[in-house]
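Novice: Now for the letters of each chain:
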Amino acid sequence: MAQITLVEAVNLALARAMADDPEVIVLGEDVGRDGGVFRATLGLLEKFGPARVLDTPLAENLIAGMSIGMAAEGLKPVCEIQFSGFSYATIDQIINHASRMRHRTRGRLTCPMVLRTPCGAGIHPPEHHSESPDAMFAHIPGIRVVYPSSPRRAYGLLLAAIRDPDPVVFLEPTRLYRLFKEEVIDDGVALPLDSCFTLREGTDVTLVTWGAMVYETLQVADELSAQGVSCEVIDVATLKIMDMDTILASVARTGRCVIITEAPRHCSVASEIAASLADEGLLTLLAPVARVTAPDIIVPLPRLEQNYLPGRAQIHAAIRKTLEFA
Amino acid sequence: MAQITLVEAVNLALARAMADDPEVIVLGEDVGRDGGVFRATLGLLEKFGPARVLDTPLAENLIAGMSIGMAAEGLKPVCEIQFSGFSYATIDQIINHASRMRHRTRGRLTCPMVLRTPCGAGIHPPEHHSESPDAMFAHIPGIRVVYPSSPRRAYGLLLAAIRDPDPVVFLEPTRLYRLFKEEVIDDGVALPLDSCFTLREGTDVTLVTWGAMVYETLQVADELSAQGVSCEVIDVATLKIMDMDTILASVARTGRCVIITEAPRHCSVASEIAASLADEGLLTLLAPVARVTAPDIIVPLPRLEQNYLPGRAQIHAAIRKTLEFA
Amino acid sequence: MTKRNFPTVTTAATFQIEYLRYLDDRGRAVTPLPEFAADPAALLRFYEAMVLMRSYDAKAIALQRTGQLGTYASMLGKEAVDAGVGFAMQKDDVFLCTYRDNGIQMLRGVTMRELLLYWGGDERGSDFAGPRRDFPVCITIASQCLHAVGVAYAIKLRKQPRVAVCMIGDGATSKGDFYESINAAAAWKLPVVFFITNNQWAISVPRSTQSAAATLAQKSIAAGMPGVQVDGNDVVAVHQAVQDALARARCGDGPTLIEAVTYRLADHTTADDASRYRPPEEVAAAWKHEPILRLRNYLSEAGVWNKSREEALLRRCNTEVQAAAQAYLDTPPPPPEQMFDQLYAVAPAAYAAQRAALLENAQAHGSDHAG
Amino acid sequence: MTKRNFPTVTTAATFQIEYLRYLDDRGRAVTPLPEFAADPAALLRFYEAMVLMRSYDAKAIALQRTGQLGTYASMLGKEAVDAGVGFAMQKDDVFLCTYRDNGIQMLRGVTMRELLLYWGGDERGSDFAGPRRDFPVCITIASQCLHAVGVAYAIKLRKQPRVAVCMIGDGATSKGDFYESINAAAAWKLPVVFFITNNQWAISVPRSTQSAAATLAQKSIAAGMPGVQVDGNDVVAVHQAVQDALARARCGDGPTLIEAVTYRLADHTTADDASRYRPPEEVAAAWKHEPILRLRNYLSEAGVWNKSREEALLRRCNTEVQAAAQAYLDTPPPPPEQMFDQLYAVAPAAYAAQRAALLENAQAHGSDHAG
Ligand SMILES: Cc1ncc(C[n+]2csc(CCOP(=O)(O)OP(=O)(O)O)c2C)c(N)n1
Ligand SMILES: Cc1ncc(C[n+]2csc(CCOP(=O)(O)OP(=O)(O)O)c2C)c(N)n1
Ligand SMILES: [Mg+2]
Ligand SMILES: [Mg+2]
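If you read the sequences in order, they're chains A, B, C and D. For what it's worth, the working numbering labels the leading residue of the first sequence as 1, then goes sequentially. For what it's worth, the working numbering labels the leading residue of the second sequence as 327, then goes sequentially. For what it's worth, the working numbering labels the leading residue of the third sequence as 653, then goes sequentially. For what it's worth, the working numbering labels the leading residue of the fourth sequence as 1024, then goes sequentially.
For the record, the hints were derived by calculation from the structure and aren't laboratory data. It should be emphasised that the depicted structure is a prediction, and the values quoted were computed from it without experimental measurement. All C-beta atoms, glycine included, are put in the ideal place defined by N, C-alpha and C. Treat the hints with care, since some could be wrong.
To be verified - Which residues of chain C face chain B? A partial, calculated answer using Cβ under 7 Å:
#	residue
1	Asp774
2	Glu775
3	Ile791
4	Ile793
5	Ser860
6	Thr861
7	Gln862
8	Leu995
Given the sequences, and given the hints that come with them, work out the whole structure.
Specialist: This is how it looks when you write it as structure tokens:
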């Protein structure tokens, strides 16, 4: 029962899925000998051989498209897109084919694939390495979008994603890859998709978040708890198909909600949650629904990165404002 | 002063922009001799020659990417993507390059391009010809997304988009291309971007919509007016950068809001508007914010299309429910 | 590329693209026919299939013109491609097609009723009973090439003697998907055949606008795979090239690119009017090369075909096609709930309300939007 | 492709890819040098530039290792490419580069301070003062090829005597963007040169995994454009090939594809550890072909170079590089408001609140997120 990082948990889940099911194939750029630029696929080539762990030519559209072909033939491809800034080139295949293979053939052909990609800002990398495309993927009908925020959830949700008979985009918070460790039991037990995780119960305000921002949100909840403020913290985890019921039920109890994401605000997943609250949760709201998001601008290069990403101060400020609302 | 259709208005604006400015270039598949599959570029080849009206090889990624190159050299490319279902292949170039050329070079190079594409369902076409990618584009920082809903607005907004020094994605409602005519004066006068158009003033409920659904929304407003219900109808028109002030001001007066879009609901532009109301407009709301949208499913082939697209009945029902809310 | 002629300029590689043809425009063998066609009677099934395709095609257009079918893409003029490919494939090969390859689908066991259902706007047309692992018609140009790579990879991984066959048009050769696919397929030596139906037009855009390449077959050189150009109106050449390519693929020798040169005798689709952009003389000239007359001439000359057999065939085709059309027209529309129930393996609880609202509205109002 | 040998198989097209090299590994001319290099002294500026590049490269890595620079991609081993290309281009040509082409950027007038600013995570590094129409470094592999097509189209439309030069790596040749671009550029006969630096590796993926093509230069055949392979460690060959291609482009003869065969002597970037995936012997062997020693040997042999000149050069380079590094380090960070103010031509009123909030927070708290 080891303490491992999030990226190690991803690696563990991949190894477990490949050992359990010979149809699981890992493919992508540098996933073989190199073990992936983040080492998420470390050791898989050695364990499962080059036919099941394949370095592809450098082409994201190819990686997504050939995964669809593999999946239609009954394999379970788990492809890696090296950084989410390069995942935009897969959207065409995901929306025009992966998402609708089952629907357009009335279930004759299906698409049990997983597209994994590191996601989000905060690691001071070059351009295009800090993108947050979660809302763009979450808008696509017919797929699932999963975004774990801890080693344990990464392990359990990735297993669930791989076993799911439909396509899943699996976003991994780069910033959390090695930020902290957690005990993960390699028991092959998946966690449920389409479900929020309530990480902390509270009565004063509901904090809704996912991905790397879960980290700061929990910190803030801790800090506020010392000041006597009781925060409920919900990790959305599956951004599509979203478990809005848990969020609505929480806000029905607390009456206040702050949604935290590091993606740009306009048409974001945060907007979706706030919109549902404005409809189905309106009567329970005691204060405006606050969104703490990145601004609607381009992720800057590292020298300004710290000014771009929302941090604890913004979360604190939003909670304070929400709580002070009479 | 002719009565013309929306697609004729697009054509008129293109001809006017090309006549006014020799840097304006039209490119795309079948835009030359054929005049575009919807005839939006009819006659331009004859008037402006093959160097400025160019049929490209069949490659949407190329069309978007080369437009960026042209724009960086100071041309004003207006490219056509034949159907918005093929525009997904341009997202990579739009988000990774068009949107940030100015920002990443601190204004040294810019990207004054327009990407036009017919959009939306309702014309009983083959697969992939009925897509509504408005939310995906609207999420992208650094660009504008414009979606006219009448011949006059198509003319004025397209001129504005072409003259704008930054990239604009210009979505054209296929279903309205020839549905009705309007008087359009070819005076070269642009309409303002980043502004809603209040098409009808009213006091009981604010109906917010854009694109083809403006048509049904206005019809419903007419019908309800006969029943003594006064609807304010707002055409958002520019989905990014959005004029939320006009919407907030309207809802501040009516207290009720129904948002109507034909795109799938999850993380849609409708969600963005509802989210802003849940924050900045909460105190003015007398009823939950209703979204009338397509469901979160794949656009079906024509035989079920009529069951997919939201229509007047759904708008009526949503308004009724909103008004009945006490 | 240089005009100088230094001895330093050595040759790194040389390449050659071959052209294959057996029957000329008038149906005369310009060379001994290959083994499969040594007996002229062996070509009768090709001929009959091609005539049936043309009947089906005419009926589909008629249905569209009378408002009983959606937009339809005619295969007029490419029947030799369809018969040549269709008869070469094995049942458990995997076929990935465009909207213009209905003829091959027919030979693979997709019924004409199913094809018409698809064109009639019903997804169930892609849930065909015959070749269950074949892909549905691909509308987004060239994107199926990538799927073919994945299919072929799965086949190779499982060491099966199957081959993926992927059809595209001349226009499709401009798209990155195509190049990424042939490049990857050759790098992995996958069992796949890429088949370009070069019908000279991509809607209104002529072949010359797509590429400066002298042949489309030579695009194979970029991938390091064999490529060949064939007369696409000569069913013998098409069939031979595909047989060769399939054999290569099946014995582990990897992919092949075939370019078949033919002509789109019809409008692009029923939504198109080709007279807007191409001269009638060009079309008239192209009719002289069309594949069916050519084969009929050969068979008649060989003594295995005559007028009465022709008439009987046409009657048979007509009956079959009419029956399929009627069966199509008699098919009730799909239940609207399939839009939800076939989206995911298990219909998500989170969408129950959306589903209920859609069904209720479908019953109460049906369509009331304009257009 | 067929094993049979029917007379029907005629040849549709033949192609040839040439290989260019003047100086061998030891710097001996294997053939008379071309005109520009007839006088050995003419090669001195190439040599000096290459040595400066290597100094700059070493400094950048040192800065990164000491936490004073972000992730950096070394150009070690490709100095002949950079000098060969950089000296061939005209000032008003347009350069579209990858992250590994800093050497060419230097020759085009981008200062080392600006380059370091970019690698240091500051967009102002791409607002360089020299070649104002050159593109910023392109990170998303091969996507700049499409921009080069657009740039070249604009140049051709305006009938200017300029050329776009687009650099890519061997890995980039697998991406659709590359093929779409060369195909379109040839179809329109555009003034553009595509230059592949084949350094054998794309991070950990070897050239052989990218493609079964015997050469990368032959990918030009798919587009119907001339292609040539050169010894990428021989600055004379690189320069000659680029000069030829530029001349062709400038006089309206269209695009060229050049493949320069070299080797990535360093890790992929400072974030990479190449010893994980490639054997030290391979790297050691590659050092025997490296471009700088080869050229020094030639120049020494020709009597235009010696030890004291070498030492003086190294001193000069060191001074220049140190000064540039200091100027970089002395540059205060960009004002945060540029994130908003440089997003659109006019900062949108709708974002005023977001902008104010960001600036307020930047002042009050700075970074307080983890990682
Ligand atoms: C990606 C994409 N872009 C554009 C279209 C619209 N479109 C449909 S068919 C066609 C031309 C295809 O030409 P070609 O590949 O030669 O096939 P053909 O129709 O001649 O059989 C175009 C542009 C499409 N279906 N998909
Ligand atoms: C579209 C895209 N995919 C993936 C990456 C990540 N990546 C950066 S460099 C690189 C390898 C590039 O290899 P090559 O083209 O040979 O250039 P080299 O680094 O060898 O100069 C990869 C995969 C990227 N930057 N862009
Ligand atoms: Mg064609
Ligand atoms: Mg390389």
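Novice: Confirm or reject each hint.
Specialist: Consistency of the hints with the structure:
1. Asp774: With a minimum Cβ separation of about 5 Å from chain B (threshold 7 Å), the hint on aspartate 774 of chain C holds.
2. Glu775: Holds, because the Cβ-Cβ distance from glutamate 775 of chain C to chain B comes to roughly 6 Å (cut-off 7 Å).
3. Ile791: Because about 5 Å separates isoleucine 791 of chain C from the closest Cβ in chain B, which is inside the 7 Å limit, the hint holds.
4. Ile793: At about 6 Å, which falls below the 7 Å cut-off, the nearest Cβ of chain B leaves the hint on isoleucine 793 of chain C intact, so it holds.
5. Ser860: violated, 11 Å
6. Thr861: Cβ of threonine 861 of chain C sits 5 Å from chain B, so the hint holds.
7. Gln862: For glutamine 862 of chain C, the interface hint holds, since the closest Cβ of chain B sits about 5 Å away, which is under 7 Å.
8. Leu995: Because about 5 Å separates leucine 995 of chain C from the closest Cβ in chain B, which is inside the 7 Å limit, the hint holds.
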